[in-house]
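**Student:** I would like the entire structure built from these sequences, with the hints used as guidance.
2 protein chains.
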Amino acid sequence: MAPLVSADHPGINELFALLAYGEVAAFYRLTEEAKMAPNLSGRINMAAMAAAEMNHYEVLRDALARRGVDIVPSMTKYASALENYHRLTTPSTWLEALVKTFVGDAMAADFYLEIADVMPAEVADVVRSVLSETGHSQFVVSEVRAAVTGSDRQRHRLALWSRRLLGEAITQAQFVLAEHDELVELVMAGGGLSQMTDFFDRLQNTHNSRMQELGLA
Amino acid sequence: MAPLVSADHPGINELFALLAYGEVAAFYRLTEEAKMAPNLSGRINMAAMAAAEMNHYEVLRDALARRGVDIVPSMTKYASALENYHRLTTPSTWLEALVKTFVGDAMAADFYLEIADVMPAEVADVVRSVLSETGHSQFVVSEVRAAVTGSDRQRHRLALWSRRLLGEAITQAQFVLAEHDELVELVMAGGGLSQMTDFFDRLQNTHNSRMQELGLA
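Listed in order, the protein sequences are those of chains A and B.
Counting with my numbering, you get residues 1 to 217 for the letters of the first sequence.
Counting with my numbering, you get residues 218 to 434 for the letters of the second sequence.
Worth flagging that the hints you see were computed from the coordinates, not collected in a lab.
Given the structure is predicted, the values throughout are model-derived calculations rather than measurements.
Virtual Cβ for every residue (Gly too), placed ideally from N, Cα, C.
Check the hints yourself; a few may be wrong.
Unchecked claim - One-sided excerpt, in silico: chain A residues whose CB lies under 10 Å from chain B: (1) Tyr21; (2) Val24; (3) Thr31; (4) Lys35; (5) Pro38; (6) Ile44; (7) Met54; (8) Asn55; (9) Asp62; (10) Val69; (11) Val72; (12) Thr76; (13) Ser80; (14) Glu143; (15) Ala146.
**Tutor:** Now the structure itself:
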């Protein structure tokens, strides 16, 4: 498929800056939430995921530098949406932290794959290399499944939690789009409003399949 | 130089386990101490250093796995010494946090280089690849030098702080050696007690040269 967006579209810098702040915010949140881990293995798994976020950050920083953009001032405008998402979804248990990690990682992967398809090759390469290191969160599946197998109450509670995570993510994504015209233009250039609606529908569908994977559906 | 220690020396597993816990402890401490950063750039620099620690951890985990050793149970016995070091050297300002990062990184690098020389090639390769990613802490130099150039009081205070860091590190290293015979045998096999004394002397000397680099000497 030919790229639908040109490499100099101003929305690309904004997209990279948004993703970069997302990586830094995820790094600090994962590390904070890892304190709830019941053992050293849990803390190490969370630390490894957090470290992967910083590796992604460095890919985005280098890509922005090649485009002549200084990452730190560019990304601060996305701080409030991402910090709000994390603040509104602060887990109260280790299982909630695990589900948040898994759902967040999966939503990011969906998002990266969707946008890579319509971008010029050099941009798609950056997006895919950021994506390529996700998947650390598979350790979550066995721990969550074990916890909900014996407890309908736990399953019900975590299913509600995961719906809330998706809802808050969509809410914050809409705030970001409402405030940043270049990003809206980028999404429009990549297929327009109907594609955006389709995207949110697909996000809902893949979210449901992940809930099944975790034993929460 | 021919290796002085054979690849199946039991101290090697212990050494890797000790280093591995050191990486995980450093990850969490750097991330915690990064909260003192006055700005986003500082937080990102600390996060990047923390992420590098987890990359080192993964090298050590894989090396131990190849030797048939499960890393998590092996490393817990080194938790108290490393947690004590960090607890006794909790910084109270961002500048103290920066100096701690730099001194800790430098001491680890010295240590890695010293031991790599006497190890068999496969072990030395692991040690050197863990070392190869250090050096993130150069960002510290310009910030500390700027702070102490205008303030003798700040220079004096940070010089005392850095001596305390070295002292606590040596104290904890001696506790670890006192409790783990395999590690003592490893050091002995690598040249004996006089080499160990030389090592602590060299550590002191390189520490002094680093204090000059930071403008603290």
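**Student:** Against this structure, judge whether each hint is valid.
**Tutor:** Hints versus structure:
1. The closest approach between the C-beta of A:Tyr21 and any C-beta of chain B is roughly 9 Å, which is under the 10 Å cut-off, so the hint is satisfied.
2. For the restraint placing A:Val24 at the interface with chain B, the shortest Cβ-Cβ distance is roughly 6 Å, inside the 10 Å limit, so the hint holds.
3. Look at A:Thr31: its Cβ gets to within about 5 Å of chain B, closer than 10 Å, so that hint holds up.
4. The interface hint given for A:Lys35 is met, as the beta carbon of that residue sits about 9 Å from the closest beta carbon of chain B, less than 10 Å.
5. Checking A:Pro38 against chain B by beta carbon gives a least distance of about 13 Å; that is not within 10 Å, so the hint is violated.
6. For A:Ile44, the suggested interface contact is upheld, since its CB lies about 6 Å from the closest CB of chain B, less than 10 Å.
7. Given the 10 Å rule on beta carbons, the hint for A:Met54 holds: about 3 Å separates it from the nearest Cβ of chain B.
8. For A:Asn55, the interface hint holds, since its Cβ comes within 10 Å of a Cβ in chain B; the closest pair sits about 6 Å apart.
9. At its closest, the beta carbon of A:Asp62 sits 12 Å from a beta carbon of chain B; the interface hint therefore is violated under the 10 Å criterion.
10. Taken as an interface hint, A:Val69 does not check out: its beta carbon lies about 15 Å from the nearest beta carbon of chain B, beyond 10 Å.
11. With a cut of 10 Å, the hint placing A:Val72 at the interface with chain B holds, because the nearest CB-to-CB distance is about 5 Å.
12. Proximity of A:Thr76 to chain B holds as hinted, the smallest CB-CB distance being about 6 Å (cut-off 10 Å).
13. Violation of the interface hint for A:Ser80 is found here, the shortest Cβ-Cβ separation to chain B being roughly 13 Å, above the 10 Å cut-off.
14. Of the supplied interface hints, the one on A:Glu143 is violated, with its beta-carbon coming no nearer than about 15 Å to a beta-carbon of chain B, more than 10 Å.
15. Of the supplied interface hints, the one on A:Ala146 is violated, with its beta-carbon coming no nearer than about 18 Å to a beta-carbon of chain B, more than 10 Å.
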